[in-house]
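Please build the complete structure, drawing on both the sequences and the hints.
Line by line, the protein sequences are chains Z and E. Counting in this note's numbering, the first sequence runs without a single skipped number right up to 401 at its last residue. Counting in this note's numbering, the second sequence runs without a single skipped number right up to 626 at its last residue.
Everything hinted at is true.
Pairwise CB distance ranges (calculated): (1) GLY42(E) with THR187(Z): 20 to 28 angstroms; (2) ARG185(Z) with HIS271(E): 38 to 46 angstroms; (3) GLY42(E) with LEU78(Z): 57 to 65 angstroms.
Far from chain E, some chain Z residues (derived; all Cβ distances over 12 angstroms): (4) GLU110; (5) ASP120; (6) LEU126; (7) LEU130; (8) LEU143; (9) LEU169; (10) LEU180; (11) ILE199; (12) VAL207; (13) ILE210; (14) GLY241; (15) PHE341; (16) PRO346; (17) ARG354; (18) LYS359; (19) ALA384.
Read the hints as simulated data drawn from the structure, not as lab findings. Everything numeric in this text was worked out from a predicted model, so none of it was measured. We put the CB at the ideal spot given by N, CA and C, even for glycine.
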Amino acid sequence: MAGPRAEGNLGMTFYLTKRALSLLMVLLGLAVMIFIIARIVPGDPARIALGPLATAAQVEELRQEMGLNDPIHIQLWHYLSGLAQGDLGKSLLTSRPVMDDILQALPATFELVLATVVLQIVISIPLGVLAAYYRDTWVDNVTRVVSLIGVVTPGFVLAIILQLLASYYLTIFPIAGRLDPGLEFQASTTGLLLIDSVIAGRLDVFVDAARHIFLPAIALSAAGIGQVMRITRSSMIEVGSRDFVEAARAYGIPERVVTFRYMLRVASVAPLTILGLEFASLIGNAFVVEFVFSWPGLASYGVRTILQKDLNAVIGVVLVSGVFFVIANLTIDALLGIIDPRHRIREGQRA
Amino acid sequence: MLVKAGTAKEARVEGRSPVIEARNLAVRYVTATGVVTPVRDLTLTVHEREVVGLVGDAGSGKSTAALALMGVVRPPGQIASGSVMFGGRDLLGLDEDALRAIRGNEIGIIVQNPRSSLNPMLRIGRQIANVYGAHNQATSREGWDKAVDMLRMVGINDPERRVGAYAHELSGGMAQRALIAMALSSSPRLLIADEPTSGLDVTIQAQFLDEMWQTVQATGSAILLISQDLGVIANYCDRVVVLHDGAIVEDRPVGEFFADPQHPYSRSILALQKAASEADAVAKRSDGEREKLIEIRDLAKNFPIRGSKKVVQAVENLSMTIGRGETVGLVGESGSGKTTVGRCLLRLEEPTAGQIEYGGTDISAIARSGMKRFRSKLQIVFQDPYDSLNPRWSVGQVLREPLNLHTSLSTAEKTARIGELLELVGLSPDIVSAKPRDLGASTLQRVNIARAIATDPEFIVLDEPTSVLAPAAIDGLVTLLRALQAELGLSYLFISHDLTTVKYLCDRVAVMYLGQVVETGTVDQVFNAPLHPYSRSLLDSHLFPDPTDRRVDRPDREQLEGEIPSPVDLPKGCYLAGRCPHALERCRAEPQMLHDMGDQRTARCWRVAEGDLEEAGR
Chain Z
51 MAGPRAEGNL GMTFYLTKRA LSLLMVLLGL AVMIFIIARI VPGDPARIAL
101 GPLATAAQVE ELRQEMGLND PIHIQLWHYL SGLAQGDLGK SLLTSRPVMD
151 DILQALPATF ELVLATVVLQ IVISIPLGVL AAYYRDTWVD NVTRVVSLIG
201 VVTPGFVLAI ILQLLASYYL TIFPIAGRLD PGLEFQASTT GLLLIDSVIA
251 GRLDVFVDAA RHIFLPAIAL SAAGIGQVMR ITRSSMIEVG SRDFVEAARA
301 YGIPERVVTF RYMLRVASVA PLTILGLEFA SLIGNAFVVE FVFSWPGLAS
351 YGVRTILQKD LNAVIGVVLV SGVFFVIANL TIDALLGIID PRHRIREGQR
401 A
Chain E
9 MLVKAGTAKE ARVEGRSPVI EARNLAVRYV TATGVVTPVR DLTLTVHERE
59 VVGLVGDAGS GKSTAALALM GVVRPPGQIA SGSVMFGGRD LLGLDEDALR
109 AIRGNEIGII VQNPRSSLNP MLRIGRQIAN VYGAHNQATS REGWDKAVDM
159 LRMVGINDPE RRVGAYAHEL SGGMAQRALI AMALSSSPRL LIADEPTSGL
209 DVTIQAQFLD EMWQTVQATG SAILLISQDL GVIANYCDRV VVLHDGAIVE
259 DRPVGEFFAD PQHPYSRSIL ALQKAASEAD AVAKRSDGER EKLIEIRDLA
309 KNFPIRGSKK VVQAVENLSM TIGRGETVGL VGESGSGKTT VGRCLLRLEE
359 PTAGQIEYGG TDISAIARSG MKRFRSKLQI VFQDPYDSLN PRWSVGQVLR
409 EPLNLHTSLS TAEKTARIGE LLELVGLSPD IVSAKPRDLG ASTLQRVNIA
459 RAIATDPEFI VLDEPTSVLA PAAIDGLVTL LRALQAELGL SYLFISHDLT
509 TVKYLCDRVA VMYLGQVVET GTVDQVFNAP LHPYSRSLLD SHLFPDPTDR
559 RVDRPDREQL EGEIPSPVDL PKGCYLAGRC PHALERCRAE PQMLHDMGDQ
609 RTARCWRVAE GDLEEAGR
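If you want it as structure tokens, here you go:
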């Protein structure tokens, strides 16, 4: 018994290392690509930073300072070695290191995205299982309609509707922000209010933070919920007709075990994969939802920097999204590797 | 080794109580497009210590019926009517929990398709433990230990290690054993075995069925054995039940069934067996004056292993001749290199070494471009009739292609030729516009044969052309092949593991083991008096559909032990030495030559050549 388990674990480490390395390559590629695009876009960053009234000499001075006059490969080298040390350069807009700006806004966005993913999992997968179990009954039809609405309604439209209904008319949820300004609390451990408040034993803060995050997270998760639910449903139905499920029933294995350990486990591969992809697009969608709910996240920062052609900051925001994507993928890969032994082998060989 | 059946077969059932009694069982599927009834009227009884064979075509409802006996129906199906009495209760009247307690416990089932019937994401030990735990008070640890015991019992080597394997890490044979372990973990009173040996090699198949049969005799349990293989039925079953179009059409003792089948469908599936026994009487054509068509000398084929210096030795120093108008059978278990020989002959694989002479020209050496003029003369029919046809092409397009490539006929002539070809293979010319998905396996295989003969070939490699066909279809195809041979003067290399078909179709036969030919001779010679220990074991394990000479009634025979060595690390001496009951020190030390045994026979065994091994007459 020890033999194959040990082998299996070794396989898992090997597989995850390979995946992590290949994802690092993805990040490097992303960094280089953004750099190239940033240099191709017309307009002189120094001129934009200084405004139309600055003299040519002032612009030239800034160009020198920013290294814009160096040969392109030298610029790339400076940029990449800076990245390696966590140095994203200075923001032209705020004159502070981009890294500091991002780190300040990131926890709020991260918390929102995380809450969204958790909502997606706990809502969509059980609903998908239910819909498959009660296939072609009213349960199935209701969940299908709900999921369809979720998929076709853009996140920001839903955000505005929810805000109007729940916050403005019914006033059961706060209208905007992350935390009631009257509450004195500094999220200092993880930066995530929901977690730090529990650590600090501040139940009032936790409840208030949960009330604030609820509507934006719902608005953001709707599309994913619909999609993942439909995938879970069809995947459960497909797996339900496989030989081994019928065999398990014929061997008298209890229905509960058949549903969860035989069907759901196998059927969860497709929804997990979709969740991984969904996670990547969440950051982008979060920008809009954050705007509607005045969520103090990356959105306002990101939008401002893009409009101002604040190159360093734009690169920083895109790279952070990239890191998000990579981490999400690695997490999903690890999960898939745990539940499906064949996945490890397949991906391990491909890498 | 075997418990002998001393009593007369018909008397066996007398005085034994029924284990399961199904009455008028029907299963129906209500779908949007209508009602389908795969099982209309199933009535059968299995008694203690009885093995009942359930036969019928693919799609006749056998598997559906087997599961329905345990109250399992794949959604959206339902049991429409009937009763199943088991242990004094009607199973179909029980609630789900009571029924579940019986399934896998008192009634065990070995389901079809071993690999897809295992959960791909759970270790097999966990799956066996789940079944055991569903019926017994057991901790997770105890279940796991039970799984190890069960795997050992079903003959898996190193069960402590295998118990942690996943389905994809098991060979088909091992997956099959794992399923058997699951089915037997609670010592059921009734075992339903649905094609339990499909996909297993004959020697392993015989081993399995022997063990199952012994268990029944020893414990007083019963088996419902579902199989399309009449050899399995004839050798192990006491009674035969025929399912046709969802209803039982015949239910009789095995001897009566084979001797005098009543229903037309039963007669059709027994046709080949009849023909084969009649073929015994027909003297095979003499071999001496036959003109040589193909001569293979020292053919070898290695496949390199990626990332390793080692090679898989698929074929080794193979020499044989095929005469004009002759059918040579190539037999052996999976992995013996039969298929590779056929592919090398047509240069679908490049031989590693050796010559292939066709009508005086060495076609193994000429450039690929030079092969074109030989392609029309050398053809092949593959194992899977569906996979070997382009699903988007109609039958007409399939047959037109070789005509376009190899002939200069006009369009009208080609159309006429296509009609002619279809008639030759016994099909209606009306099917020219049909696509492969519209046609059944046996029709498709006839289309493949029509394609092969389109260019007037002289020689056709038939690579297991009957292995996916139902018994009645096999008979039709074999009859067709013989008719075409007589009419067109074709020569065949018939590659098959089905010795019954080989016996009927072939003039001479070569037995392969691990890439080597171990014995050659005429079919009569090899089938009636095999020389080489491997041929003896192969023929002894093969289940001929003859209930008057049942394997379970025969005295113990010599058996090969252990598993086939890997073709990557072959033994130094005789490849069979590790498994052969006659192996001596010299066998392990020296590579074996193919000895001329006179009378145009050869055998690769020095002990046979020196007359050490007495002939194993049948």
